[in-house]
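Line by line, the protein sequences are chains A and B. If you use the UniProt record's numbering, the first sequence corresponds to residues 1 to 166, in order. If you use the UniProt record's numbering, the second sequence corresponds to residues 1 to 191, in order.
Any given hint could turn out to be false.
Claimed, not checked - Derived lysine-lysine pairs resembling DSS-like cross-links, with alpha carbons at most 30 angstroms apart:
1. A/Lys25 <-> B/Lys58
2. A/Lys35 <-> A/Lys109
3. A/Lys106 <-> A/Lys88
4. A/Lys109 <-> A/Lys163
5. A/Lys25 <-> A/Lys93
6. A/Lys106 <-> B/Lys62
7. B/Lys63 <-> A/Lys93
8. A/Lys161 <-> A/Lys109
9. A/Lys106 <-> A/Lys89
10. A/Lys35 <-> B/Lys63
11. A/Lys25 <-> A/Lys35
12. A/Lys93 <-> B/Lys62
13. A/Lys163 <-> B/Lys62
14. A/Lys25 <-> B/Lys62
15. A/Lys88 <-> B/Lys62
16. B/Lys189 <-> B/Lys102
17. A/Lys35 <-> B/Lys58
18. A/Lys89 <-> B/Lys63
19. B/Lys2 <-> A/Lys161
20. B/Lys127 <-> B/Lys102
21. A/Lys106 <-> A/Lys161
22. B/Lys62 <-> A/Lys35
23. A/Lys109 <-> B/Lys58
24. B/Lys63 <-> A/Lys109
25. A/Lys25 <-> A/Lys106
26. A/Lys88 <-> A/Lys35
27. B/Lys63 <-> A/Lys88
28. B/Lys62 <-> A/Lys161
29. A/Lys163 <-> B/Lys63
30. A/Lys161 <-> B/Lys58
31. A/Lys88 <-> A/Lys109
32. A/Lys161 <-> B/Lys63
33. A/Lys106 <-> B/Lys58
34. B/Lys63 <-> A/Lys106
35. A/Lys35 <-> B/Lys2
36. B/Lys63 <-> A/Lys25
37. B/Lys189 <-> B/Lys107
38. B/Lys102 <-> B/Lys122
39. B/Lys189 <-> B/Lys127
40. B/Lys58 <-> A/Lys163
Read the hints as simulated data drawn from the structure, not as lab findings.
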Amino acid sequence: MKNIQEIQNTVIVEPFVCEAPNDMKVAESWTDNIKYLVVGIMFGIVFVKAEIISWFRIQEMFRLQSFHMYGVIGSAVVVGMISVFLIKKFNIKTIAGETVDFHPKKFQKGQVYGGLIFGLGWAITGACPGPLFAQIGSGYVVVIATLLSAVAGTWVYGLLKDKLPN
Amino acid sequence: MKQIFEFIIQPWPWYVAGPLIGLTVPTLLLIGNKSFGISSSLRHVCAACFPADIPFFKYDWKKEIWNLIFVLGVFFGGVIATNFLENPNTFVLSEATINDLKALGIKDFSGLMPADLFSVEKLFSIKGLIFFVFGGFLVGFGTRYAGGCTSGHAIMGLSNLQVPSLIATCCFMVGGFTMTHLIMPIIFKLF
Numbered sequence: 001m002k003n004i005q006e007i008q009n010t011v012i013v014e015p016f017v018c019e020a021p022n023d024m025k026v027a028e029s030w031t032d033n034i035k036y037l038v039v040g041i042m043f044g045i046v047f048v049k050a051e052i053i054s055w056f057r058i059q060e061m062f063r064l065q066s067f068h069m070y071g072v073i074g075s076a077v078v079v080g081m082i083s084v085f086l087i088k089k090f091n092i093k094t095i096a097g098e099t100v101d102f103h104p105k106k107f108q109k110g111q112v113y114g115g116l117i118f119g120l121g122w123a124i125t126g127a128c129p130g131p132l133f134a135q136i137g138s139g140y141v142v143v144i145a146t147l148l149s150a151v152a153g154t155w156v157y158g159l160l161k162d163k164l165p166n
Numbered sequence: 001m002k003q004i005f006e007f008i009i010q011p012w013p014w015y016v017a018g019p020l021i022g023l024t025v026p027t028l029l030l031i032g033n034k035s036f037g038i039s040s041s042l043r044h045v046c047a048a049c050f051p052a053d054i055p056f057f058k059y060d061w062k063k064e065i066w067n068l069i070f071v072l073g074v075f076f077g078g079v080i081a082t083n084f085l086e087n088p089n090t091f092v093l094s095e096a097t098i099n100d101l102k103a104l105g106i107k108d109f110s111g112l113m114p115a116d117l118f119s120v121e122k123l124f125s126i127k128g129l130i131f132f133v134f135g136g137f138l139v140g141f142g143t144r145y146a147g148g149c150t151s152g153h154a155i156m157g158l159s160n161l162q163v164p165s166l167i168a169t170c171c172f173m174v175g176g177f178t179m180t181h182l183i184m185p186i187i188f189k190l191f
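With these hints in hand, go ahead and build the complete structure from the sequences.
Pasting the structure below:
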């Protein structure tokens with residue numbers, strides 16, 4: 001255990017901040033990871049069946065010509081808020097018996113600049129990162145180019161990170 | 001059973017889809033203490049495949065492998081929904097949107113994506129480069145700069161009542177409105 005700690009300390013140069021961190025204290029095996037595959041599959045099915053992956057639906061949203069996407073995001077946030085409230089209020093534990101970790105976010109200028117840049121990309125590609133994977137699964141092969149470009153965009157951000165205002 | 005299947009293959013209304021997406025938040029928290037977010041998968045791909053000695057990509061990505069497995073699931077969800085639960089009816093889009101997009105030159109409204117744009121041949125045109133390569137780049141660069149995407153900020157962040165996430169979400173929308181109403185008409189006029 002001590003060895004693992006040492007290895008991690010040498011590998012990680014800066015504190016690792018991730019918006020979707022793994023806070024589980026115990027290491028998980030490959031079979032444990034099947035859970036996330038199943039949740040991902042359900043999530044992907046919802047994306048396709050509610051037509052959230054559609055470029056047209058995103059256009060409808062940004063043209064204020066349909067309530068659909070606002071209803072989806074709005075009701076998802078309400079259900080998420082109630083769930084988080086209940087988990088905190090009753091201190092509901094994970095199935096492994098751990099206390100759930102929450103991460104307060106700090107305001108940074110990147111949320112404005114990066115948010116605007118992402119918004120431009122969202123409207124033009126008709127996809128945020130989640131739907132990208134579901135679009136490819138739905139057979140839109142050309143979206144692989146979008147995904148690879150998004151990986152490239154992430155990489156360039158990593159490269160320039162310290163030079164950007166934040 | 002047949003009736004249930006017939007209901008499932010219809011397009012799902014927002015009040016079914018939204019709550020199901022919202023439930024992903026407590027599901028991931030309770031099955032493994034995971035905060036919901038998708039764009040981090042793009043970072044893990046960079047960290048795993050081409051870290052190039054950049055400090056931002058030097059971390060133990062294997063500890064975050066669940067996120068890559070999750071997006072692999074999203075991919076398979078797309079495969080399943082499209083091949084086995086396909087909507088038998090034609091895609092319904094609001095008249096106003098059809099008219100607006102016709103004015104921009106889009107002709108095919110039969111599928112979830114405009115066939116005029118979303119084809120592999122189009123990728124090698126200037127329009128394709130803008131829509132897929134440049135657009136994708138903005139998505140990847142912007143989400144990482146903002147510290148999250150629609151899932152990490154708009155859904156997980158707002159669920160946890162985070163003001164920075166609210167700011168980020170508002171900026172996502174402003175960016176989207178700007179592209180749709182101010183920039184996209186120019187892009188379509190160019191080609």
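The hints, checked one at a time:
1. A/Lys25 <-> B/Lys58: Measuring from Cα to Cα gives roughly 21 angstroms; hence the hint holds.
2. A/Lys35 <-> A/Lys109: violated, 36 angstroms
3. A/Lys106 <-> A/Lys88: Roughly 20 angstroms between the alpha carbons, so the hint for A/Lys106 and A/Lys88 holds.
4. A/Lys109 <-> A/Lys163: holds, 13 angstroms
5. A/Lys25 <-> A/Lys93: holds, 13 angstroms
6. A/Lys106 <-> B/Lys62: holds, 26 angstroms
7. B/Lys63 <-> A/Lys93: holds, 21 angstroms
8. A/Lys161 <-> A/Lys109: holds, 12 angstroms
9. A/Lys106 <-> A/Lys89: holds, 23 angstroms
10. A/Lys35 <-> B/Lys63: Holds - the C-alpha atoms of B/Lys63 and A/Lys35 are around 15 angstroms apart, at most 30 angstroms.
11. A/Lys25 <-> A/Lys35: holds, 17 angstroms
12. A/Lys93 <-> B/Lys62: holds, 24 angstroms
13. A/Lys163 <-> B/Lys62: Answer holds: A/Lys163 to B/Lys62 is near 28 angstroms, not above 30 angstroms.
14. A/Lys25 <-> B/Lys62: It holds: about 14 angstroms lies between the C-alpha atoms, which stays within 30 angstroms.
15. A/Lys88 <-> B/Lys62: Given that 30 angstroms is the threshold and the Cα spacing comes to 28 angstroms, the pair holds.
16. B/Lys189 <-> B/Lys102: holds, 13 angstroms
17. A/Lys35 <-> B/Lys58: holds, 27 angstroms
18. A/Lys89 <-> B/Lys63: holds, 29 angstroms
19. B/Lys2 <-> A/Lys161: violated, 54 angstroms
20. B/Lys127 <-> B/Lys102: Holds: B/Lys127 and B/Lys102 sit about 17 angstroms apart, inside 30 angstroms.
21. A/Lys106 <-> A/Lys161: holds, 17 angstroms
22. B/Lys62 <-> A/Lys35: Holds. B/Lys62 to A/Lys35 sits at ~17 angstroms (cutoff 30 angstroms).
23. A/Lys109 <-> B/Lys58: holds, 23 angstroms
24. B/Lys63 <-> A/Lys109: Judged against 30 angstroms, a Cα distance of about 28 angstroms means the pair holds.
25. A/Lys25 <-> A/Lys106: holds, 24 angstroms
26. A/Lys88 <-> A/Lys35: holds, 23 angstroms
27. B/Lys63 <-> A/Lys88: Holds, at roughly 25 angstroms.
28. B/Lys62 <-> A/Lys161: holds, 22 angstroms
29. A/Lys163 <-> B/Lys63: OK: A/Lys163 and B/Lys63 at ~28 angstroms, within 30 angstroms.
30. A/Lys161 <-> B/Lys58: holds, 14 angstroms
31. A/Lys88 <-> A/Lys109: The hint holds at about 29 angstroms.
32. A/Lys161 <-> B/Lys63: holds, 23 angstroms
33. A/Lys106 <-> B/Lys58: holds, 22 angstroms
34. B/Lys63 <-> A/Lys106: holds, 23 angstroms
35. A/Lys35 <-> B/Lys2: Between A/Lys35 and B/Lys2 the Cα gap is close to 28 angstroms, so the pair holds against 30 angstroms.
36. B/Lys63 <-> A/Lys25: holds, 11 angstroms
37. B/Lys189 <-> B/Lys107: holds, 15 angstroms
38. B/Lys102 <-> B/Lys122: Distance of about 18 angstroms is within 30 angstroms: holds.
39. B/Lys189 <-> B/Lys127: holds, 11 angstroms
40. B/Lys58 <-> A/Lys163: The hint holds at about 18 angstroms.
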